[in-house]
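Enquirer: Listed here are the chains, written in short residue letters.
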Amino acid sequence: MDITSPSVRDLGRRLLTAGPSTIVVATALLFLVSPLVASGSLGSAPLLSMLPFAAVLAIAAAGQTLVVQQRGLDLSVPGMIALGAVLCTALPQQHGWPLASAVVAGALGPAAAGLVTGVLVTRFGVIPLIATLGLNAVLLGVVFAVADGTPAGAAPALNQFALDRTLGVPNTVLVAVLVVGVVGLVIGRSTSGRRLTAVGVSPRAAEVIGVRVGRYRLLAYASAGACYGVAGVLLAGYTKTPPLFLGDSYLLPTVAAVVLGGTALTGGVASVVASGVAALFLTQLGQLLRAVGWSDSRQLMAQAAVLLLVVLGRVLVPMAVTAWRRRLADRAVALAT
Amino acid sequence: MSTAGTEGGTALTVQQEPTPTRPGTTAAPAGHALELRGIGKRFGAVRALADVDLVVDRGEVHALVGENGAGKSTLMAIASGALAADEGQVVILCDELGHASPDRARELGLAIVRQHPALLPDLTVAENMAVGVGFRAGGVRGAVAWSRDQLAPWGMDIDPRARVRDLPIEQWFVIEIAKALALRPKVLVLDEPTEHLSLDEVRLLFRRLREVVADGTAVVYISHRIPEVKEIADRITVLRDGRTRGVHDAATVSEDQIVELVVGRALETVFPPKGSVVGSVGTREQLVVDGLSGDRFHDVSFTVRAGEVVGLAGVQGNGQAEVLRAVAGLEPSRGTVLVDGRAVRRGSTASARRAGVVHVPADRHEEGVFLSLSVAENTVAATLDQVSTAGVVRTRAVAARAEEQRAALGIKTPSVDAPVSSLSGGNQQKVVMARTVVAGPDVLLAEEPTQGVDAGARVDIYTILRSVADAGAAVVVLSSDGVELEGLCDRVLIVSRGSVVKELTGAEVTEEAIAHAALTATTVRERAEAAAPRRSGRSRLLASDHAPAAVLVGVMVVLGLVVGAQNSSYLSSFNIYNLLFMAAPLVLVGAAQHLVVLTGGIDLSVGPLMGLLVVVGSFWVVDGGNPLVGLLLMALTGLGIGLINGFLVAVLGVDAVVATLAVFMALQGLYLTLREVPDGIVAEGFSTQVMARFGPLPVAILGAALVAVGLEVALRRTRWGVALRATGSRREAAESIGVRTVRVQLGAYVLAGALTCAAAVLLMAQIGIGDGRPGVGYTLSSVTVVVLAGASVFGGRGSFLGVLAAGLLVQQLLSASPFLQLPQAWSYLLPGLVILAAAVLFGRLQHVRKA
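In order, the protein sequence lines correspond to chains A and B.
246 is the number that our numbering gives to position 261 of the first sequence; each next residue is one higher, with no gaps.
1348 is the number that our numbering gives to position 274 of the second sequence; each next residue is one higher, with no gaps.
No lab work stands behind these hints, which were simulated from the structure alone.
Here a beta-carbon is modelled for each residue, glycine too, at the ideal position from N, C-alpha and C.
Keep in mind that the hints are not guaranteed to be accurate.
Just a sample of chain B residues kept apart from chain A, beta carbon distances all over 12 Å, derived [to be verified]: (1) Arg1420; (2) Ser1422; (3) Arg1438; (4) Val1737.
A partial selection of chain B residues facing chain A, derived with a Cβ cut-off under 8 Å [unchecked claim]: (5) Glu1285; (6) Ala1288; (7) Gly1421; (8) Thr1423; (9) Ser1462; (10) Val1732; (11) Leu1746.
Modelling step: build the complete structure from the supplied sequences, incorporating the hints.
Expert: Here's what the structure looks like:
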């Protein structure tokens, strides 16, 4: 095979540098390798215990993708997920709300919080990093106040829903496919999605062509909040008695999923579906490491290493490619003379 | 084999070619001040320069003329070492500039005044001038008096202690010119120096240039103002589309000849026939602007009829751009704008767009195109509704629309799916024009539509603009190029001091008339009136970097009194000692964060690093252990993590948030691996030593305060401090004047690691056991401290005194809630609310400062 043909070279570059196709290939490879590393790791029991967590992470990563698309980075993911969880558990248990309203509140509460971030960013010019860092602390305080300091249990119906399967597929996965699919379609195909992308690529250029930049940014932050909320509700339902601050371990994985999915941190073109696939990749990787006996603390380091390797690859591969091309060109010149 | 023959042939000619020129160069080596030979430069797919030669003699003013985008500035960036050429060599006074280095070029005697002054907006005038000349006039201390001397001849009364950001644009140029002259250069390059200057200032500049030329300095003068070039230059080199098109004696060519050389063909073939000549201008008043006022202009009124092209001209910075942008809805304004008789709501691009106004901005990369989107997506970006059904975009319709425009406007791109960033400047601008044509504008506002566009595309763009007018639109063109206005416009309005001062119509629309009207109108401009009014005492105080510290101290006193009144034990010496001791690590870690933020970075890993260091220390700083080993290991770990962060961010260029977030998680994993549960009781003797008192005060807070004051002095008084702020203020400008930004930022991260280590020692004594978890919260606290201290989170400005005050206040807030009997949730709510309030408040304050 001629490895210098443009199509092959192009594919190689796409796989190495960025693009949603990379993570799909990587995830497929991971699942292929899994049985070799830990036999039986693709059995139905380990898969069924892994998939709900992948689903929760995929939904949260969809939210993070929306924020990164607007050139932000959302550090309030822990507070948001915790808020979604506490609203759907503590409201029925301690404040007597019907479950359905509490679940809706679990999604809308974080959406409202996202709106607050959006207002801080667009109206008051606070940079997203600081806005979300501060809001995270505020949200944890709210969670503490709502729960009155003690974790509440999820209602049996919610717990049952999160554990149940429809046609053999866990409900959590169905919800994730639905959320990620809808958000992905809206971003990729609708006029609003195109405008969101345009605002992410260049807010000033979007303003020039008459896009209401502020409104679209608010929409992005509020939708992100709703995603975290849904993730929190599902996680609360699945874990039955969620600890108060159950979102803490989701911050880095959402960022890692976005980066792995090929969305640039400089904003703009984003693939929500790729982030979702990356969530599956990360969760399966964690499962695999656990299977070979890694502790949670070593897993933290592994996650950090994966994230660093990917961002470093993004930086170093283009550098290496440029250097390699130059060397080739130099050699061509040397041969010619 | 046959190819080898031809290759040998070309090699032969290459070797032979230089021979005739050699004797000339060697015969009079003393004559050439600057020699550029065979310079070639590419930007991606675009060839910016090809085989360019430029030879400048000593004691000569050599003009470099060419259209926007001809490659003049690129060539000078290469000559000054700011940019590396792909081919060719740069020789300054017989020494070759081996590699691209601004420092080396400066050492060889070259000084440059850039089109966009390389000034650092957050630094003072004196600091800028001192860095700009590589501290040749002494250190930071003497810079104020020295700068005042250098600026005195310009008579503009520029305060050397003023922050550059607060100065009007013409003073930026004067500072940039004074900085270059202060280097006593052998070669002085001026890139469009007079763009923002009045006639008087231009005269002053020319007088100074004649003086330095008489001393033997060579001057390269870039300008598109042909009369100025004729007046000052001895010889003229013409550059067109990245190639040299001849060298001429200034005395032997007329202004018209220069223009034709620049444009490259007879003017009549460049511009489409004017509507006012052909008779295609309608009678309907399509755009009516009546009594429009804004920040930089007042009471502007004009009308444009359907089919008419009207030019806006004037010395740059007189408000003409703001008028255009106000009509487009980008700037707030008062007054009336009617499109086709209907009023348009002001200050909203969406309203303007709905009324049929389309704007082509000057800054193509920032405002014109969506660089990472494809040609097709750019083409339909403003008209998505035309290619969608029920809110869903039809991909095929998008491609069809784009193909149609690509063919009609001759956009050169491999495919409509290629990203716009891969196209040349001219073709990018054609994509913007395609987007405009698709939108079917009633009013088209074009700001510098041919800036950075090659000659071929330029002709096409003129044709498009005229055809939009012929289709019934009112077209307004803002341009700094008089030739362009002359060729394109039916009428030209001259703007000065934010008002329309003159209107040229019909045969009056000539380059000379436009230039003359613009310059004479500007001469009468009272600089004092145009300049920002002197700051009052109060706003001056607010603008200072130390203002937040003063505010914080005020808040602290009030808070202390309020809480003290609620609960008398709050003001007990025990509590005050505790508060001050716990504030010390906050001040130190805040200072660490502040160092990094000053350079434009951030370090989210400081919290877990403190945790890790406590855990590391807890293995040795115990009864029976060797505390010195422990402290040494803590210090090494702190420095090492700082080095890793710095390497990732400063050297490799990884996003600071992501890099330090990953390190955050890795460090958490590390300390949990070392100690899953708290263990290792810290030696009593060690804790007592760390918690020692000096009178009623903890020694720790005195030490932290000393560190803060020391850093503050270093920040203001040392070259290191200036370099630190320069790096954060405007990185590329700092680099181009020779600040080693990578090294500075790397150093900041390492020093931050050291300060974090000091904070960790205090934390270890305070909690008394090897546990990493209490450290994590310090990330949020450190950022809170920095924001409260009023530092710009974009880098470049801030005060360590502010950090000291903020550290004390944050600790006071954190420890106040138990005394106020607030519920436990407040221990989370309070820090979050404080940081958000501070960010909003100081964000506001910074807006006040800028205005």
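Enquirer: Each hint: holds or not?
Expert: Do the hints match the structure? See the list:
1. Against chain A, the non-interface label of Arg1420/B holds: every CB pair exceeds 12 Å, the least being about 14 Å.
2. With a cut of 12 Å on Cβ distances, Ser1422/B falls inside the contact zone with chain A, its closest approach being about 8 Å.
3. For Arg1438/B, the requirement that its beta carbon stay farther than 12 Å from each beta carbon of chain A is not met, with the minimum near 9 Å.
4. Against chain A, the non-interface label of Val1737/B is violated: not every CB pair exceeds 12 Å, the least being about 7 Å.
5. For Glu1285/B, the shortest C-beta to C-beta distance to chain A is roughly 43 Å, which exceeds 8 Å, and the interface hint is violated.
6. Interface hint status for Ala1288/B: violated, as the beta-carbon distance to the closest one in chain A is roughly 45 Å, over 8 Å.
7. Among the interface hints, the one on Gly1421/B is violated; its C-beta lies about 11 Å from the nearest C-beta in chain A, farther than the 8 Å criterion.
8. Interface hint at Thr1423/B: satisfied, since its Cβ lies 5 Å from the closest Cβ of chain A, which is below the 8 Å cut-off.
9. The interface hint given for Ser1462/B is met, as the beta carbon of that residue sits about 5 Å from the closest beta carbon of chain A, less than 8 Å.
10. At its closest, the beta carbon of Val1732/B sits 6 Å from a beta carbon of chain A; the interface hint therefore holds under the 8 Å criterion.
11. Against a cut-off of 8 Å between C-beta atoms, the interface hint on Leu1746/B holds, since the closest Cβ of chain A lies about 3 Å away.
The structure is inconsistent with the numbered hints 2, 3, 4, 5, 6 and 7, although it conforms to all the rest.
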